[in-house]
Amino acid sequence: MFYSVVLLSIFGILNLFLGFLKSRAWLLPVTLLFLATALVVTLTDWNKSLFFWNYMMSTDNVSVAFATIIIVSAMLILPLSRFYFPNAAAPVPEYYAILLFSVVGAILMVTYENIIMLFLGLETLSIAMYILAGSDKRNPRSHEAALKYFLMGAFATGILLFGVAMLYGATGTFNLSGLAQYVRTTLVNGASPMLYLGLTLVLIGILFKLSVAPFHFWTPDVYDGTPTLFTAFMATVVKTAGFAALYKILSVSFTGIYSVWWITLAATSVLTLLIGNITAVYQQSFKRMLAYSSISHAGYLLIAVTAMGQTSQSSILFYSLAYTLATITSFAVLILVNENRAGESFSAFNGLARHNPFLAFALTVAMCSLAGIPLTGGFFGKFYIFINALEKGLLFLLVVAVLMSAVGIYYYFRVVIAMYMRGSDDNAVADRIIVPKSYAAVLAITTFLTILLGVAPDLLVRYF
Amino acid sequence: MVDLSQYTLTCALIPFIPLIGFLINGIGFRHIPKGLVGLTGSAASILSFGLSLYLFNAFLAGGNQSFTVYLFDWITVGDLRISFSFLIDQLSLLMLLIITGVGSLIHIYSIGYMKHDAGYGKFFAFLNLFLFSMLLLVMGSNYPIMFIGWEGVGLCSYLLIGFWNKNTNYNNAARKAFIMNRIGDLGFLLGIFLIFYTLGSVEFTEVMPKAATVFGVDDGTVIAITLLLFVGAMGKSAQIPLYTWLPDAMAGPTPVSALIHAATMVTAGIYMVIRSNVLYTLAPTTLGVVAVIGLATALLAATIGIFQNDIKKVLAYSTVSQLGYMFLGLGVAAYSSAMFHVITHAFFKALLFLGAGSVIHAMSDEQDIRRMGGLRRHLPVTFATFLVATIAIAGIPPFSGFFSKDEILMHVYEHSPVMWVLAVIGSMMTSFYMFRLLFLTFAGTFRGTHEQEHHLHESPASMTIPLLVLAILSAAGGVLGLPEVLGGGNWLAKFMSPLFDLSRQVRPESFTQTHLSHSQEYILMGVSVAAALLALGAAAVLYVSRKAVPAPEGTRLPALQNLIYNKYYVDEFYNNIIVKPLLALGDFLYGVFEFLVIDLIVNGVGKATNGLSGVFRRFQTGNIGFYIISMVVGIIVILLINLRGFIL
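Residue numbers (our numbering), protein chains in the order written: chain A, 1 to 464; chain B, 1 to 648.
Calculated directly from the structure, the hints in this document are not laboratory data. Only a predicted model underlies this, so the values are computations on that prediction, with no experimental measurement involved. Ideal Cβ placement from N, Cα and C applies to all residues, glycine included. Warning: the hint list may mix true and false statements.
[Unchecked claim] Covered by chain B, per the in silico footprint, the following chain A stretches (three or more residues, Cβ under 8 Å):
1) 71 to 78
2) 147 to 154
3) 216 to 222
[To be verified] Not close to chain A: a few residues of chain B, all C-beta gaps over 10 Å, as computed:
4) Lys115
5) Leu186
6) Pro209
7) Ala212
8) Leu228
9) Pro380
10) Gly489
11) Val570
12) Gly622
13) Leu639
14) Asn642
15) Leu643
Make the full structure from the sequences, and use the hints.
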């Protein structure tokens, strides 16, 4: 993991130099190659328990798995950029470099051992995202998104840092194992308000990045304004890394004071599920609906963290993967539809099935997976999380989650209905979308994996 | 001891070859040329038959040791462990040979019979799927696997009865068969649940010994289990009161009638009872019920058969009636005799149906025997084979039906002479309506249109060869169980004997050796043969000498005849007592309950969600100040909750 962080940082800088080349044809393959290299290097850490940089980072199988999901989602999103920048002057190499740096940040977030590294990773990832959110320079909505994201992100970062300081003040250490040690031994005799305050603030800082209610307000506006390619990145990589970080800090250091933090997570999870799912019902724009859907999925994932059982980590992993695959599919189809049919609303998808059966099928599978319909990965993702909740006795959470997944079916299937049952009235819309090969490849992979996870979940689960 | 491992693949292949055949024809039937479709379908069946023969030989060579072939764990939930495995013993092997053997002949026959049908590929795909299900049913080593096959068979019969799905009547017949079977399936399923609940296992090899120790004779639970299982058998094997689907099932193509509704599927119920013989032996009460229902079915169906004018309907009722005899045999604990009748019946009934198919083929799809007659000259092969089958089913020696039916009758006589008398009357009726059918169809002069007469022809070789093979089997099948009194060794009964070891232990008295003297046996045989010959004579006088032809549709019949001709109005009875009230209830629920209650609730929830969504949406103002204030409020609330211990 150490090497993949170093390598990706160097690759990012190399990418900037590649920008001097006249031909851009090599840019994408080379960047993919960089990521593939990092992936291979990451996988060599499988079945090893290692510490790096004087206990700054630690790896185990779970962090390797999360890092793999992150790198793979980056590799699946990158090919979508192939025709995304029609403007020849667009600084594509810079974008790629920033994406690579953000992957570095995300990997730090899943492998940190020292909370400082968590902060570092979170900021590396966030700052990269601020820039990418505003990358569509001619579009005021993109500016708005970047500014909003930055302002609120800065606020959340402040709170996170404040919490870190409190934790240090209470325990005298930044290390997860040191914190765990403190919780296990010193705390036995009495409660420490400073520790609780610090923990709560750190949690809030992370929950903000995960767009958990009531810290979710930035999400719809920012997702909406950000260029879709980078929205896909935000919705997948940032979320996966954030949940890995949240799970790691709580499971390693704070299981001893479960009673202190579980209420926070349970309450925010209920709120997130309600707000995410119910507000999504009203949306007319597919992209905005996906923003709310990303909020609601944070709610489901939070249930697994709240349950903090034997199998929580495997369900978080499984769910993240299923969610990531389906989300990438959705955004990929959205990009194509938006560019060819000029619209992000549900009606832009009308009659898509007739002209592009493959796109319609892929999107249907993705929607089924997000809604949790069997034979897709999303079903087992929800299934495992619900089992966690049941084992922990979180019945109230379970009831809300089940009800809200029923609401989810309504808005996810609106697009399916539009594609299969509505005719396209506009002639211009009726034209068949020509699907570039890179998109077709990505969609084929994500759709195949989504179904594979839904048919044989054991392929993944047995490792954890 | 047999080395089991070497047969795993063989056993797995026997059912899975037809499944592969189904996949090939089912997926590719639009693209595969016609010739290849029939070839694939038949080859799958024949290969399966070859493997079954091989397995049978190996079994005999290995000293008749039954064994279980374990493939994989299928379901593991708590205490319940269901493996996907096959039980190979005398019973499953006999069933395998019948299913694949008769099945192969019917596949070959279908190549010719279905030649001009548009759904040729579909037809063979379904036939193969049927074989697969039936093989699972008889090979499964536990009740759930048997149930998969059981359901699969039901599904295939639905698909095949409604094969010509453009005809609404045929679709209704298919639905009727399916629903009737489902009623039976419910009983079967409940029986399985009860077995698991009381014995903690569903594996045959575990259930039976456990049952023998846990249950006493005529224990209430074991009676409940066996009755429930018998309800399943009623559905599948067309016994009173669930028999009405079988005659309607004749809507399917004739090879289907032969395969499903005569030779294999309907024997599933009998197979299941024999497989569970320990349970049934433990419940003499149930056996009594089985015997009575079997006998009643045999008689009822036989009377209806006398007045039917559709060639396939007559055969259908004769099937119901013969199944009644088999259950009668089971009811008097003559398990191997019932199995003997299953085997011979498979031969001659398949032959009768295929012969009827050949007639229908020649008559340009005419099925009414009132318009036939004199076909002997035009269809010599069909006539000869049909004659053999008729003699066999009528129970006239030396053809196979005589021996199997006689064995059952003998056991019935030991059990109760009254039942024996009734059964002999039934077999007299069998002989009468079968010869009536034969004479009306093949003797006398042709009564159809000129066009039909012009068209009359013997069927192609692919159809007549299976007929000939089946005719030989029908004639000689009796050798399998030649009784001692006639100088045979009753090989079948000896072969199957180990299956009933446990039953013999739990209730030895039901298996006591025959106490009839040889002269008594001769007399009983003589009486039943005389009865059959008498009926033959009556039919000959009536339909050959006097050339009587049943009255055409619409003539007024005497009251009793009218009652029987209309099948005792059982269909109408079911329709009025069960179907109509259900429909009325459905109408009520749809018209009132759904409209007033369900719709209101469902739409209400939808509207409420939408409204709430509209409210929530307003919080998304786009104003950063508001966002940050909400965040701060949120943080404060969370801190208050978490730190309440320190603040208060």
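Enumerated hints in conflict with the structure, sorted upward: 1, 12, 13, 14, 15
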